[in-house]
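Number of protein chains: 2
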Amino acid sequence: MSEIAVVGAGAWGTALAVLAARRGHDVILWAYAAGLAAEIGRARENVAYLPGVSLEATIRVTSVLEQAAAAPLVLLAVPAQHLRGVCRTMAGHLRGTPALVICAKGIEVESGELMSEVVGTELPGAKVAVLTGPTFAAEVARDLPTAVTVACADAERGAAIVAALGGATFRPYLTDDVIGAQVGGAVKNVLAIACGIAFGRGFGDNARAALITRGLAEIGRLSVALGGRPETLMGLSGVGDVTLTCTSTQSRNYTLGVALGEGRRLAALLADRITVAEGVPSARAVAVLAARKRVDMPIALAVDAVLHHGADLDREIGAVLARPFRSEVERV
Amino acid sequence: MSEIAVVGAGAWGTALAVLAARRGHDVILWAYAAGLAAEIGRARENVAYLPGVSLEATIRVTSVLEQAAAAPLVLLAVPAQHLRGVCRTMAGHLRGTPALVICAKGIEVESGELMSEVVGTELPGAKVAVLTGPTFAAEVARDLPTAVTVACADAERGAAIVAALGGATFRPYLTDDVIGAQVGGAVKNVLAIACGIAFGRGFGDNARAALITRGLAEIGRLSVALGGRPETLMGLSGVGDVTLTCTSTQSRNYTLGVALGEGRRLAALLADRITVAEGVPSARAVAVLAARKRVDMPIALAVDAVLHHGADLDREIGAVLARPFRSEVERV
Numbered sequence: 064m065s066e067i068a069v070v071g072a073g074a075w076g077t078a079l080a081v082l083a084a085r086r087g088h089d090v091i092l093w094a095y096a097a098g099l100a101a102e103i104g105r106a107r108e109n110v111a112y113l114p115g116v117s118l119e120a121t122i123r124v125t126s127v128l129e130q131a132a133a134a135p136l137v138l139l140a141v142p143a144q145h146l147r148g149v150c151r152t153m154a155g156h157l158r159g160t161p162a163l164v165i166c167a168k169g170i171e172v173e174s175g176e177l178m179s180e181v182v183g184t185e186l187p188g189a190k191v192a193v194l195t196g197p198t199f200a201a202e203v204a205r206d207l208p209t210a211v212t213v214a215c216a217d218a219e220r221g222a223a224i225v226a227a228l229g230g231a232t233f234r235p236y237l238t239d240d241v242i243g244a245q246v247g248g249a250v251k252n253v254l255a256i257a258c259g260i261a262f263g264r265g266f267g268d269n270a271r272a273a274l275i276t277r278g279l280a281e282i283g284r285l286s287v288a289l290g291g292r293p294e295t296l297m298g299l300s301g302v303g304d305v306t307l308t309c310t311s312t313q314s315r316n317y318t319l320g321v322a323l324g325e326g327r328r329l330a331a332l333l334a335d336r337i338t339v340a341e342g343v344p345s346a347r348a349v350a351v352l353a354a355r356k357r358v359d360m361p362i363a364l365a366v367d368a369v370l371h372h373g374a375d376l377d378r379e380i381g382a383v384l385a386r387p388f389r390s391e392v393e394r395v
Numbered sequence: 064m065s066e067i068a069v070v071g072a073g074a075w076g077t078a079l080a081v082l083a084a085r086r087g088h089d090v091i092l093w094a095y096a097a098g099l100a101a102e103i104g105r106a107r108e109n110v111a112y113l114p115g116v117s118l119e120a121t122i123r124v125t126s127v128l129e130q131a132a133a134a135p136l137v138l139l140a141v142p143a144q145h146l147r148g149v150c151r152t153m154a155g156h157l158r159g160t161p162a163l164v165i166c167a168k169g170i171e172v173e174s175g176e177l178m179s180e181v182v183g184t185e186l187p188g189a190k191v192a193v194l195t196g197p198t199f200a201a202e203v204a205r206d207l208p209t210a211v212t213v214a215c216a217d218a219e220r221g222a223a224i225v226a227a228l229g230g231a232t233f234r235p236y237l238t239d240d241v242i243g244a245q246v247g248g249a250v251k252n253v254l255a256i257a258c259g260i261a262f263g264r265g266f267g268d269n270a271r272a273a274l275i276t277r278g279l280a281e282i283g284r285l286s287v288a289l290g291g292r293p294e295t296l297m298g299l300s301g302v303g304d305v306t307l308t309c310t311s312t313q314s315r316n317y318t319l320g321v322a323l324g325e326g327r328r329l330a331a332l333l334a335d336r337i338t339v340a341e342g343v344p345s346a347r348a349v350a351v352l353a354a355r356k357r358v359d360m361p362i363a364l365a366v367d368a369v370l371h372h373g374a375d376l377d378r379e380i381g382a383v384l385a386r387p388f389r390s391e392v393e394r395v
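Line by line, the protein sequences give chains A and B. Under the numbering used here, the first residue of the first sequence carries the number 64, and numbering increases by one thereafter. Under the numbering used here, the first residue of the second sequence carries the number 64, and numbering increases by one thereafter.
Rather than coming from a laboratory, the hints here were simulated on the basis of the structure. Think of the CB as a built atom: it goes at the ideal place given N, C-alpha and C, for glycine as much as any other residue. Where hints are given, some of them may not hold.
Unchecked claim - Okay, the calculated bits of chain A under chain B, using three or more residues with CB under 8 angstroms as the criterion:
1) 201-207
2) 277-283
Stated by the list, open to error - Distance windows between CB atoms, simulated:
3) A:A120 x B:R327: 37 to 43 angstroms
4) B:T312 x A:R151: 43 to 49 angstroms
5) B:A354 x A:G87: 20 to 26 angstroms
6) A:D335 x B:E325: 32 to 38 angstroms
7) B:S65 x A:G381: 27 to 33 angstroms
8) A:R336 x B:Q313: 27 to 33 angstroms
9) A:R86 x B:A334: 44 to 50 angstroms
10) B:Q313 x A:G381: 43 to 49 angstroms
11) A:A382 x B:Q313: 24 to 30 angstroms
12) B:A106 x A:L329: 56 to 62 angstroms
Starting from the given sequences, assemble the full structure and let the hints guide the process.
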């Protein structure tokens with residue numbers, strides 16, 4: 064695997080391209096917009112999404128998806144709601160069956176599908192793996208220590224992906240639970256909005272810790288209902304990613320929640336941003352999926368109600384925090 | 064249970080006394096030092112440990128342990144390393160067999176015992192429960208939303224404790240896993256020091272999230288070796304408390320770690336503080352216990368080596384972060 068393609072030139076895709084280049088690979092970085100591709104290629108920097116990071120000379124930037132689709136290893140780093148469209152476009156251009164590594168987190172709103180299900184439908188027979196975990200792109204790009212989960216049903220292919228991307232400061236750990244590894248990353252942004260709201264409301268750190276704990280239990284229930292294994296939740300893709308996203312002001316979703324908690328309006332907040340707060344569409348997707356699978360997810364439903372149904376923020380958060388006393392342990 | 068005694072007048076004991084008083088109980092708050100007891104009683108405020116919080120008129124402050132020992136419900140909130148001595152003094156003064164709720168977190172260094180084991184040895188036949196979870200005392204005293212674990216082998220007694228202390232903003236959840244509920248709170252301070260060191264070293268949020276995740280796995284292994292149940296770790300006493308302690312600058316242990324990571328010396332840091340950074344003795348206790356039970360706990364051992372054996376900080380942290388790639392899931 065000397066050539067690696069990264070599909071998606073946001074912060075995460077760009078950081079992955081830099082990571083792969085530093086590991087000695089020739090990299091093709093694909094951007095949707097021709098203008099952005101040209102600008103990144105000229106500046107040797109993704110000023111809009113990952114400022115301050117120089118692109119290695121071995122990174123070639125393109126907006127021609129066909130070029131990326133020809134690589135033997137393709138990292139998919141487009142926003143969750145755009146993955147299906149990109150896969151459809153790629154379908155005609157794949158050369159053989161490349162290894163596809165899903166690096167996007169989320170649930171497709173329209174279908175309620177996980178990213179692996181979207182790819183499986185659009186690129187049947189594709190060799191799919193998932194890379195996830197607690198990863199702020201800017202820190203990966205700065206070579207700060209980072210540990211991730213690589214989930215792959217085929218142990219040999221998983222090990223090859225680990226070998227291709229792993230290094231002294233970027234540590235991938237393998238699992239074969241492809242479903243379970245995706246659920247934490249998909250739902251955490253919804254939980255991060257809840258934690259942000261609580262913080263913005265001045266509820267304090269105890270309340271946030273309680274929300275994280277109860278939120279993880281929700282995520283575990285959904286994961287098991289979708290076919291994931293409970294113990295996967297204890298790993299980097301679950302506890303690790305949730306902790307990161309729910310406690311750091313670097314998280315777009317957490318800071319969105321804080322602003323909401325402080326009384327700002329969603330529409331105004333979204334208009335201010337060029338980057339996607341994935342938790343906003345995800346809240347809708349999680350609520351639909353929870354209903355379909357009959358999974359009890361009060362925190363996610365509260366966030367969905369506040370974001371998408373005009374529910375009163377104090378009443379929703381109050382209801383979550385005042386749930387009746389009951390047994391601590393829920394088998395997830 | 065109209066009368067409740069709180070043994071220990073640090074920040075946590077004082078906050079528990081205020082909580083119990085607001086729930087309508089007559090409270091006896093015991094302080095070790097007669098001078099402190101007199102000062103708190105006079106000022107109606109614990110200026111040294113919980114400034115800014117007025118004590119209800121129904122709180123009586125004393126330094127006579129006999130008075131506290133006579134209550135039907137006694138909350139034990141002394142530092143972990145002092146619990147045995149306090150229990151010995153109490154032994155002659157208990158009236159019948161009061162319900163004892165251990166609110167101290169830690170492992171006794173000398174014996175390697177959990178708090179429930181210490182109490183069990185010194186007060187044989189005592190009716191013991193544990194109250195633990197993500198609880199900054201100052202937030203509880205301000206009536207901010209807080210959820211805790213109450214662990215009790217006897218469901219009826221546990222429910223009575225929940226009823227006595229629970230309210231709109233203080234939410235206890237029951238478990239019968241008395242051992243498992245203690246391990247998170249006992250080891251989290253060691254992990255918080257590790258996370259602080261990583262932050263102080265400038266390693267970033269990804270590294271901290273990885274440390275929290277791997278640290279929780281360590282805690283789970285120790286808990287199971289001591290007889291706790293794995294799923295308890297997912298609750299407030301595990302994930303909740305660890306998350307709180309490892310991500311907030313309100314945590315004494317985390318801030319101690321940050322200062323160490325920034326290059327300050329342990330002795331100087333400890334001399335500056337009046338409150339106990341419980342993780343310092345706990346690191347020793349955990350290391351001893353891990354060796355005795357043959358449990359793999361590389362993060363705790365690294366913290367112990369740095370704090371107590373003059374080990375090089377960068378080498379220890381580097382070794383933890385650079386452990387070989389392996390399977391993500393460890394059955395805890």
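Hints violated by the structure (numbers, ascending): 5, 10, 12
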